[in-house]
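Undergrad: Take these sequences, add in the hints, and give me the full structure.
Numbering that gives the first Met the number 0 puts the sequence shown at residues 0 to 83.
Since the hints were derived computationally from the structure, they do not count as laboratory data.
All clues given are correct.
Ranges of calculated distance between the beta carbons of each label pair, as one might list FRET restraints:
| id | residue 1 | residue 2 | range |
| --- | --- | --- | --- |
| 1 | THR18 | GLY40 | 15 to 25 Å |
| 2 | THR18 | GLY43 | 22 to 32 Å |
| 3 | GLY27 | ILE48 | 24 to 34 Å |
| 4 | ARG82 | MET20 | 30 to 40 Å |
| 5 | HIS65 | ALA36 | 37 to 47 Å |
| 6 | ALA76 | LEU16 | 11 to 21 Å |
| 7 | VAL68 | LEU31 | 36 to 46 Å |
| 8 | ARG29 | GLY71 | 38 to 48 Å |
| 9 | THR18 | ARG81 | 27 to 37 Å |
| 10 | LEU12 | ARG81 | 18 to 28 Å |
| 11 | HIS65 | ALA25 | 45 to 55 Å |
| 12 | ARG81 | GLY32 | 35 to 45 Å |
The C-beta atom is built at its ideal place from N, Cα and C for all residues, glycine as well.
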Amino acid sequence: MTGYVLVLPNSSLVSRLITNMHGVDAGGVRRLGEDLAERLGTVGTEEPIPYLPMTDEYYDHSIALHRHVSPGLTGGAAHRRRRA
Numbered sequence: 000m001t002g003y004v005l006v007l008p009n010s011s012l013v014s015r016l017i018t019n020m021h022g023v024d025a026g027g028v029r030r031l032g033e034d035l036a037e038r039l040g041t042v043g044t045e046e047p048i049p050y051l052p053m054t055d056e057y058y059d060h061s062i063a064l065h066r067h068v069s070p071g072l073t074g075g076a077a078h079r080r081r082r083a
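TA: Structure, rendered in structure tokens:
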């Protein structure tokens, strides 16, 4: 599978994955471009993903999450702030 991910620098927004690009015709490319333009037009109003800050409170110097921060959680959920 071939794919591209739209990642916005210095953001905590949900990425968009575009897959199966082989064989996409001009109309498909145009629609993808329109979709991406619409996405870029809304990034200022999207709710960011509440990731933990990259500080010593949460991460060690090798950028590993401290064990006490998210016990029992794995993956992306371990790196997100939890609501009180």
